[in-house]
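Trainee: Required output: the full structure, derived from the provided sequences and hints.
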Amino acid sequence: MGNGDIDLDVVLRVLQACGVAVSQQPEKDLFTFEKDDIIEVYELDPTVKRRMIQRFSRKFNIPIHYFYNPRQVPPGKITC
Amino acid sequence: MAVKKQGAKPAPAMAFHGKSKDGKLSIVGIGNLRVVIVQDDDSWFAQGLEIDYASQGKTIEDVKKHFENGLMATVHEHLKIFGSIEKLLKVAPEGVWNDLLMGNFIKSRHFQYCQVSIHKLSKGLQTSLPFDGIQYIEPKRAAAC
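Keeping their order, the protein sequence lines are chains V and C.
Residue numbering for the first sequence follows the numbering used here, starting at 1 and increasing by one per position.
Residue numbering for the second sequence follows the numbering used here, starting at 1 and increasing by one per position.
Derived by calculation from the structure, the hints in this document are not laboratory data.
Be a bit skeptical, because a hint or two may be false.
Think about it this way: if two alpha-carbon atoms lie no more than 27 Å apart in a straight line, the pair counts; the simulated DSSO-like pairs of lysine-lysine are [to be verified]: (1) K35/V with K80/C; (2) K58/C with K59/V; (3) K28/V with K59/V; (4) K65/C with K80/C; (5) K59/V with K87/C; (6) K80/C with K59/V; (7) K58/C with K28/V; (8) K65/C with K35/V; (9) K35/V with K59/V; (10) K35/V with K87/C; (11) K59/V with K90/C; (12) K80/C with K28/V; (13) K65/C with K28/V; (14) K58/C with K80/C; (15) K65/C with K59/V; (16) K87/C with K28/V.
Values in this document were obtained by computation on a predicted structure and should not be read as measured data.
Mentor: Here's what the structure looks like:
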């Protein structure tokens, strides 16, 4: 993995902890992300790259450091 | 099918959403959406300009495929949930344009992108897919233009 890459599992956990509803379509690696009026579907690899992390941070208003240190996500937090 | 078009003047982006006369069939057309492709370490990242949607992939072909599959699925979700694509039709923010288009120019003093391909869909797919074409703008070195 290069600098700034994060495992998909970690990214999904942070998104969910920050109030993004995540669902996966089984036939492809397609993930649906929903928060408020934002609905986006992505075909993702097992590793999420730096620019895509930046995008998720911007689109869903999640502090970027949460992705790199998920323990900083406040427990029980449902919106970021 | 990819049609190589070098140096051609890009047609303006457009989008529309309508319904058939009986209201049963939704028709969505998003044409000439410009998508900038940049390298992201050992991977590739594609960002739409007129629509703020993006994808990543291991190769340039991969990132294009992921963009098209993901955007198509996103349009379907919007139609299913909101009944329109209005909420999807948002231009990428200024910071994203600056980063992707101008960032490298400022750093290197050379414009490193060129428009290389317009992906037109086959007739069969055009009836089921929600857009007719995508103009990919790739890094100069990758596209060798």
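Trainee: Would you list, in rising numerical order, the hints stated earlier that this structure does not obey?
Mentor: Number 14 - this is the single hint that the structure violates.
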